[in-house]
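Chemist: Residue numbers (our numbering), protein chains in the order written: chain A, 1446 to 1604; chain B, 152 to 748.
To be clear, the hints were calculated from the coordinates, so they are not data collected in a lab.
One or more hints might be untrue.
[Stated by the list, open to error] Pairs of lysine-lysine residues, derived as DSS-like cross-links and limited to a Cα-Cα distance of at most 30 Å, are as follows:
no. : chain 1 : residue 1 : chain 2 : residue 2
1   : B       : K300      : A       : K1573
2   : B       : K380      : A       : K1546
3   : B       : K436      : A       : K1578
4   : A       : K1597     : B       : K306
5   : A       : K1572     : B       : K306
6   : B       : K455      : A       : K1601
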Amino acid sequence: MCETSCSFFRSGQTSRLRSRIKVVNIYETGIDGPVVCQQCKERFCMDCPVNAMSIGENGQIIISHTICIHCNKCMNSCPIGAIELYEDVYYVCDLCGGSPKCVENCSEEAITYIALESESVSLADFKKESKRKNVSEKQANFIMQSGKSLRKKWRKENA
Amino acid sequence: MLKYGYGGRILRVNLSAKSYKVEELQKSWIRDVIGGRAANSKRLYEEIDPKCDPLGPDNMLIFGIGPLTGTVLPASAYYTISAKSPLTHILGDSAAGGQFGAEMKISGFDQIIITGKSENLIYLDITNDNVQFVDAPHLKHKTIFDTTKFIREEKRDFAVQVACIGRAGENKVLYSSVVSSGNRKNGRTGMGAVMGSKNLKAIAIKGKGSVEYADPLGLLELVTKMKTKIYQHEEYDKRHQMGTTMLMNDLNSIGILPTNHFQQGVCDYIDEVSGEKLAEVYKVKNKSCFNCNVHCSRYYVTDKIEAEGPEYETLCSFSSKIGNDDLEFALEMNHYLNQNGLDSISAGEAISWLIECQEKGIIKPEEVGGYQIKWGEKDKIRELAEMIVTRDGIGDKLANGATNFSKSFSKEAQDLVMQVKGLDIICGDPRGIKAYGLTYAIASRGGDHLRAEPYFELTRKYKLARQRFGTEKAADRLAEDGKAALVTWSEKIALLTDSLTMCKNIGLCMDILDFEEAAKLLTMATGINYTASYLEKILGKAIETDYKLNLKFGLSTDQDTLPDRFTKEPLTRGESKGSVVNIEKMVKEYRDLHNRE
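If we strip away everything but chain A, and leave its shape as in the complex, we get (with noise of 0.2 Å):
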C-alpha cells in the first residue's frame, strides 16, 4: 500500500518503479519491509559532481532535474539502494512535503515519520557491505539486515 500510495499521489499512476519507498520481500525468511532514505548521518550521496543535490528544510533529499546528467553517483553511492532511476528521474523519497502519504496508507502502522530531534541513523556499516552490489542488492541486504533482530525475537519468543 506504501508503495502504491507513493506511486499514485505523485504521477495518478501505479508502478513499483514510479514509487520512492520500495517494499522488499524475502519470502524464505518472512522479513518484507520498506527501502527508503533514512536520511542518514553521512549523506553518501551528496557528492554530486554537478551540484544538483541539496537538503531541504524536513532533511529531504532535491535533486534538480534540471541540473542533474544522469551520471548515478548518488544511486551507486546510496548504501541501501534508496535512490532509483526509472525513466531518466532519480526517484528518492522528499518526504510529500512533510505528510508522507505512505505513512497515512498503513494500516499496520508499520511506517512511521518522526521528526528529527536527535542525531540521524548511520549507514557507514552498510557502506561497506554495498562494494559491488547493484541497487536491488542493496536493498535486499538492507532489508534482511534490519530483519534480523525482528527473527531473533520472533525465536525467543517461539521456538
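Assemble the complex: chain A is given as a structure, and chain B must be docked to it using the hints.
Modeler: Chain B only, in chain A's frame:
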C-alpha cells in the same frame, strides 16, 4: 491499444519452438469478458483442441489478469492460471494472490499463453518485451523458496517475481500446484502438472511499465471509500488476526467442520487446532498480498519450521479431516505442501479417503502394497505425502487423485471419494450449508465453492434475502429454497472478482463489491463504458461459456450432483444434526434458471 487499466498486450510462448510473440489485446475481444478467469476461459473456448492430452504439448497454459489487477483497488493482487485439467479432463483453473499478478500488469501483459513442450527443464525469464528461455538443470527438484531465491540471485534482482513448481509438479502429480511469492498457491486442478509436463520449472517476471487510469481522481475517491468500508467491516479484526483460519471454529460451531473425512461435522479437539490457537501461539507477523488493507496472511514460527500460512483449507485438511489433533504437525505439512507444490485439499482427500476405506475394511493392506494407515498417524501421513510427491510405491497411484485411484476398487470405495467431476470437495460439509452444496455440484471446475462462494447464506440477513432472492430462506443455511437464485447471483459476483481481479474474501465474503460499484471502477480505470446491467449480462454469458467449454471437453450433463454421503447420510451431532442435501431439487431449479437441458 488499450491504454488504461489493462496491460494492453498478450504474450504467446511456444516452448517446443522456443519462440514467442507479443500481440495487442483488442478491446472488442476483451470487453465482454473483462479479464482474468473469464478471459482465460474464452481463450480456451476459442483456441484449445478439446481432445488434447492435458499433459501433452497442445494443452494451453494461460496466466491471466484483469484490468484492475495490480492497481490502486484494494486487494487487487489475484491472477488466474487456466488449462485443461489433467486431474479432471475438464476446465481447470486456479487463482492466487501475492505479487506475481501485479508484476504481470506492469510488464504490460494481460495474458501469457504457453503452449508446446521444452525438451529439457527450463525457466522463462520475462522482462517487458524480452523473453528468454533459460536452461534450468540446477533448479531440478528445488523447493519453491530455493527456486525463487536462485533465480533472483542469478538475475541479481530481488524485485523479480517468480511463479514456479516444486517436485510434485515436475513429477506430474495430477493435483500439483504452481506457487508464487514463496507461498501463494494456484492450488487446484493440477496446473503444476501441466507446467511440469511442459518442462517449465518457473516463470520469472519483471515489469518496467506502470498502470495508467482514464479517471485517476474519480478512481481514487471510489477506492478510498472502499478502503474505509473494509476497515469498518465487522469482520475486519477477525480476518486480520486469523485470515481464513477463523473458519476452523466458525465451521465447527455450526457442525460442518470435516472431521475424519466428513464422517462428522464436529471436532472434539477444535481448541487444539483452531485459528485462535495458531494466532496466539505461533503467529509472529501479518503478511500481505499486493495493495491489500486486510493482510490476512500470517507468518508463523515453531521450533522446527517457519513459513507463511496456513489457510483454512490446508489447516482443516491436515488436522480434523485427517484425524490429527497436533497443530504443529498441520503447520509442518503446510510448509511441506507449499514448498513441494502440492494441493492440500486433494492431497488431504487422497490420504483421508484411504484411511476411511482401510478403517471400514474396504481396502485391505495387501491391495495397496502392504500399506495400513489410521487416523492421525503422523509419521505415515508425512511418509505418504512424500510418496505422492515422488510417485513412489502406492504414492504413484494416489498421485493420480482419489477419484482416479478409486476406480481400481469396489463401488463402495468409489462412493467414498468426496468429489464432484473428479475434483475433490473443499473442507465445508454441505449438509449444513446448502447453497455451498449446490455450488459444489454445478461448479465448472468440479467440487469447489469459489465459483459462487455463497457466503450470504450464513449471514442471516433475512430482509435482504427476500429483497435479493425472493425468499428469506436464502439466508438460512439449512434451507434449500432460494439457493438456486442465490448461487446464480453469487456466481456472477464471484466471476466478477475473478475477472477484475479482486480478492474474493474481501470483494464477496465481506460484501464490498456489487455490480454498480464494479461498473464505476471499470469505467474509471479503463475508460471503457460499463453499466451494472451490462456487467450482469456479460458475466451470465461468460458462465455459460464455461459450461459449453466443459461440454466440448466431453463432460456429460448428469454430473451436477454430490456424493451419496451428503445426500443420504444425516449428520449425527452438532448444529447441523439430522441434515442432508436435497441436491436434485436445487440443481433442477438452478438449471431452469440457466435454461440448461
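Chemist: Evaluate each hint against the coordinates.
Modeler: Hints, verified against the model:
A hinted pair counts as satisfied when its Cα atoms are at most 30 Å apart, and K300 of chain B with K1573 of chain A qualifies at roughly 23 Å. Distance hint between K380 of chain B and K1546 of chain A is fulfilled; the C-alpha atoms sit about 20 Å from each other, no more than 30 Å. At roughly 29 Å between alpha-carbon atoms, K436 of chain B and K1578 of chain A fall within 30 Å of each other, so this suggested pair holds. For the hint pairing K1597 of chain A with K306 of chain B, the CA-to-CA distance comes to about 29 Å; that is within 30 Å, so the pair holds.
Restraint check: the Cα-Cα separation between K1572 of chain A and K306 of chain B comes to about 22 Å, which is no more than 30 Å; the hinted pair holds. About 13 Å separates the Cα atoms of K455 of chain B and K1601 of chain A, which keeps this hinted pair within 30 Å; it holds.
Of the numbered hints stated above, none is contradicted by the structure.
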